[in-house]
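A.B. asks: Spelled out, the chains give:
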Amino acid sequence: MRRIGRAVSVGLRRSLPMAMAMAIGSLMLLDFFFDEAHINALGGFFLESTVIIVAFALLLGLLNVLTVHLRRIIKREGGWIYSIALVSIALIVIIAGIPGPESAGVTWIFDHIQFPLQAATFSLLAFFVATAAYRGLRVRSLEALAFVLTAVIVLIGQVPVGRYLGEFVPALKDWILNVPSTAGVRGIIIGVALGTIATGVRVLMGFDRPYTSERDSTQ
Amino acid sequence: MCDTPHPAGITECTQCGARLLPLGVSPSEVPLEPLRPAEQSTPSREDEGAVVEESDLGEGEIGEDVGVAEKVGDGTGPPWLRKLEATPVGGLAEEAAGAEKLERGELPDWLELPPDFDEMLSEAALIADEEGVAAAQIPPWLEALRPEPEEGVEEPAQAAGPTEAAGLLRGIRGTLGIEPILAISRRSVPVEPVAPSTAAQERAELFGAVVREPARPGVMIAQRRRVETLAASSARWMMYLILAAAAVVPILLGSRWSETNMTVTGGTTAMYEAIEGLPQGAVVLVSHDYDPGVAGEMIPQARVVLNHLLERGAQVISVSLTPEGARLSRRVLDEVGASHGYAEGEGYQTLGYVVGVEAGPRAVVEALATAGWSDLVGGAEDIALIVEFAGAPEYLRLWLEQVQGPYGIPMVAGVSATADPFARPYYRNEASRQLMGLMTGLVGAAEYELLSGEAGPALAGMDSQSVVHVAIVLLILVGNVAYFGGRLRGRKSG
Amino acid sequence: MGFLSEVLGNLGIGEQQALMFALLLPFFPLLLIVNRRIRERGRPPLRPIPGYAELQEYLGEATESGRSAHVSMGTGGIGTGATAESLAALNVLEHVAAQAAATGLDVVATVSDPSLWPVAQDVVREARVAQGYPESNDPGCVRFVSSDKVAYAAGVMDILGHEDVSCNVMVGSFGDEFLLISEVGARNGLRQVGGTTSPQILPFVYPSMDQTLIGEEIFAAGAYLLGKTSHLASLAVQDWLRSAIILTILIGILVRSLA
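Protein chains in written order, with this note's numbering: chain A, 1 to 219; chain B, 1 to 494; chain C, 1 to 259.
So that you can see chain A by itself, here it is in the shape it has in the complex:
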């Protein structure tokens, strides 16, 4: 009896998640292509369920952050002072957000802390682009030469200085952006679309099972 139970349990553990994933995935696909009331209703239900599950996953993530940093504080590992700052600020924002996301506290935190910090961090991109260009855009091959020339022409042609150097500079920049750049981007987009479809089809057909452990997979 115990053996039968164990066999049933193993079978369910392997097949049930796969069956659910295939069934719900197929339903969502049908919902996208066909406009039928019952399918639409089911598809909408599963979409809403996903939002709820992702919200709980956010809670899990928050617990993980707090756990990692609390452990660092307790064990006095490197940078534990900053972990104290992180945990304190997280608790302050959580408490400030209790009245709601549009509350005065959250709005103040966003306007005076989050927005300036995000803008400042992204402003580092300009400096990092410069150092990356200095280090990475070296003419090691013909392809690299084409890359460097294109980068120089577009950088100069994008700003009014380019027109000052000559009418051909912005015209060349426009041609580069409209023709080879667009063509390359389209090619990459088509390839990425095929790869995305392949990934989805593998999950739909049960070849890929990221929702089960490896030892249950037959791959």
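Bear in mind the hints are in silico, worked out from the structure with no lab data behind them.
Honestly, I wouldn't trust all of these hints.
Unchecked claim - In silico lysine to aspartate or glutamate, EDC-like type, Cα no more than 20 Å apart, as pairs:
{"hint": "1", "chain 1": "C", "residue 1": "K228", "chain 2": "B", "residue 2": "E205"}
{"hint": "2", "chain 1": "C", "residue 1": "K228", "chain 2": "B", "residue 2": "E213"}
{"hint": "3", "chain 1": "A", "residue 1": "K75", "chain 2": "C", "residue 2": "D158"}
{"hint": "4", "chain 1": "A", "residue 1": "K75", "chain 2": "C", "residue 2": "E217"}
{"hint": "5", "chain 1": "C", "residue 1": "K228", "chain 2": "C", "residue 2": "E40"}
{"hint": "6", "chain 1": "A", "residue 1": "K75", "chain 2": "C", "residue 2": "D138"}
{"hint": "7", "chain 1": "C", "residue 1": "K228", "chain 2": "C", "residue 2": "D210"}
{"hint": "8", "chain 1": "A", "residue 1": "K75", "chain 2": "C", "residue 2": "D164"}
Unchecked claim - Facing chain C, according to a computed beta carbon distance under 10 Å, are these residues of chain B, among others:
{"hint": "9", "residue": "S234"}
{"hint": "10", "residue": "R236"}
{"hint": "11", "residue": "A392"}
{"hint": "12", "residue": "E394"}
{"hint": "13", "residue": "P421"}
Claimed, not checked - FRET-style restraints, in silico, Cβ to Cβ:
{"hint": "14", "chain 1": "B", "residue 1": "P193", "chain 2": "A", "residue 2": "N40", "range": "56 to 64 Å"}
{"hint": "15", "chain 1": "B", "residue 1": "A235", "chain 2": "A", "residue 2": "L91", "range": "58 to 66 Å"}
{"hint": "16", "chain 1": "C", "residue 1": "R39", "chain 2": "A", "residue 2": "S141", "range": "33 to 41 Å"}
{"hint": "17", "chain 1": "B", "residue 1": "A245", "chain 2": "C", "residue 2": "E54", "range": "36 to 44 Å"}
{"hint": "18", "chain 1": "B", "residue 1": "A235", "chain 2": "A", "residue 2": "S141", "range": "21 to 29 Å"}
{"hint": "19", "chain 1": "C", "residue 1": "R36", "chain 2": "A", "residue 2": "I92", "range": "54 to 62 Å"}
{"hint": "20", "chain 1": "C", "residue 1": "R39", "chain 2": "A", "residue 2": "E143", "range": "32 to 40 Å"}
{"hint": "21", "chain 1": "A", "residue 1": "L63", "chain 2": "B", "residue 2": "E381", "range": "44 to 52 Å"}
{"hint": "22", "chain 1": "C", "residue 1": "E54", "chain 2": "A", "residue 2": "L42", "range": "24 to 32 Å"}
The beta carbon of each residue, even a glycine, is placed where N, CA and C say it ideally should be.
With chain A held as given, fit chains B and C onto it using these hints.
C.D. replies: Below, chains B and C alone, put in the same frame as chain A:
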């Protein structure tokens, strides 16, 4: 025979009682000696140094000196021997006890050949020949294997084995010969090559990679990093200072060179004309889908376009697929609205952040049409234009796929500079004309300000951006000069 | 064509959706057929992708030096628009985790979307169990940093700058924060392999990474690194469909040019 080794001089096996002979002597050369287990005294020591151990070897133990003879005679022999001694054998024991003691090399009477043995043999052979003594009988099934000899017919080759040439089994194939089997050397069977599994292959490659790598002590690694950090950080700080100066100095100097030397691209012009062509009171849906990271270039775009829309008398409905976009756009709307004397709800409406990014655009239009989110819109056909401010290309794609395609509503877009390569195919698509106009980055905002005739922060930043671009180009050139200089130095020294 | 449009319209399928359906439908039977063929005839030859080949070297260097390897799985998650990229990142993590479990290399994996965090943890744990070292599993090796992209970048920059990392692998869905992270890695002399599907981020990948995976190459991780039959089969099917698309484009060009 139990193959138990014994030292020289021992004549009887202490385990099984078998008679032991010296190596090199065949059994026929040595006369049998009667076994005297009960009366045998302790074996004397031989010249070869046989060691006598007074241990009981009957239990299978082997002493340190191999082939130890046991001490007998006083009842301490092996168990089988003690059993034999204990078992009464009747007259046999008496006979054995009374038997004559044989000399060395002397056979007992019952083994000795009679003097007329040879005569008896020859007579028996004659009798067998005369009387036809029957051969020893073999079972009928074995007899059936003996082939009938046929004249003139060659027996086909069979794989049954050799034919016995003599003895009772003469003529029968397939009998088991002892000697050939013992003499045949075993041929090794070639083993089929086994293909290693993928996992084993990977592990082997990893092991090979690890073994091939030269050993590098940890201390050396740390020292190398420190030296590189010092040199690299100096160059890096120089670049940062150059860039900072390039960005700040034109602003401090109040330079307006770009205003007079700037050209407007076709995409921005098309966007301006699309908004310029709107009738009075047209409903325009504006979506602010950007985060603070790209707000530096998106907010000037939003400001100048919203200004143009309110100037044209359009009814603006503002939404956002990102929470940050909703907050940032509210500030811009309030500023621009106030400059035109509008309050919330008069010339514009803010619907805020729409939850569910993936289905957001479609949900917005359907809600506007059916759920009465706005009094201005009764259906999707009431929306004259969609203006999308996309900080990332996925937001633009969502609006194009879910609203512009299915509903066919005209659409223009302002995108960040990094999203431009993705957005451009939609503007260049002359067949379906998905985007009627496209504005890119801070440059696009500056171009729009130029077209509008109202200089704003975008135009003011153009000189700074121009100098920064030139600085980056110079850094690229300097980097390549340093690279080729290093290679030339390497060749000369090498 | 009009009849077809009417039929499709009655079924509730728009024209664009019909085109998508036509592209999606051949995948299912082709994948089955090619998967079976590969099982019968063996693995087909693949063109070398330097990013995956060099990844082995970098992991070996990290093992030799006793430092750790960092895997950044991007800012996407399961159930978002970047699910495919996140699954590709999971394949890379699976390979790195298997190598790490076999050689004792420390791995740090960072995620930005909380939906990816438990799946990544499971992948790392299963790798250790498969190698026979379940007790060596450290739940803290997979870290959820932040769902905000900038905060995620700042957290990973801290890890690369202050923890003893030798090798940095960045595969998944990234935005502009890619350059923030990769530049810190380059500054600290880390060996870096990275790739993303976003065309606007690829210019950041090339100058800052030692090896680049361009676009759909990240979806080939399961075939190149793990050797899974279904991944090899889907690569083959993608190639066939890509050829069909190229042929259609060429025919379309000819028709439009001649018309």
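A.B. asks: So the hint says 33 to 41 Å: do the beta-carbon atoms of R39(C) and S141(A) match that?
C.D. replies: About 40 Å separates the Cβ atoms of R39(C) and S141(A), which means 33 to 41 Å holds.
A.B. asks: Would the hint on S234(B) be counted as holding, given a Cβ-Cβ threshold of 10 Å to chain C?
C.D. replies: violated, 13 Å
A.B. asks: Holds or violated: the hint that E394(B) contacts chain C, with Cβ atoms closer than 10 Å.
C.D. replies: Cβ of E394(B) sits 6 Å from chain C, so the hint holds.
A.B. asks: Keeping to a limit of 20 Å between CA atoms, is the pair of K228(C) and E213(B) held or broken?
C.D. replies: violated, 28 Å
A.B. asks: Tell me if the beta carbons of L63(A) and E381(B) are separated by a distance inside 44 to 52 Å.
C.D. replies: Hint holds: Cβ distance 48 Å, inside 44 to 52 Å.
A.B. asks: Evaluate the given range 32 to 40 Å for the C-beta pair formed by R39(C) and E143(A).
C.D. replies: holds, 38 Å
A.B. asks: For the range 21 to 29 Å, tell me whether the beta carbons of A235(B) and S141(A) fit it or not.
C.D. replies: Taking Cβ atoms as reference, A235(B) and S141(A) lie about 24 Å apart, which means the hint holds.
A.B. asks: Return holds or violated for the Cβ distance of E54(C) and L42(A) against the range 24 to 32 Å.
C.D. replies: Distance hint for E54(C), L42(A) is violated at roughly 46 Å.
A.B. asks: Holds or violated: are the alpha carbons of K75(A) and D158(C) at most 20 Å from each other?
C.D. replies: holds, 19 Å
A.B. asks: Given the range 58 to 66 Å, decide if the beta-carbon distance of A235(B) to L91(A) lies inside it.
C.D. replies: Violated: the Cβ-Cβ distance is about 42 Å, outside 58 to 66 Å.
A.B. asks: Within 20 Å, alpha carbon to alpha carbon, are K228(C) and D210(C)?
C.D. replies: violated, 26 Å
A.B. asks: Could you check the hint for me, namely that P193(B) and N40(A) are 56 to 64 Å apart, CB to CB?
C.D. replies: holds, 59 Å
Checked against the numbered hints given earlier, the structure breaks hints 2, 4, 7, 9, 15 and 22 and satisfies all the rest.
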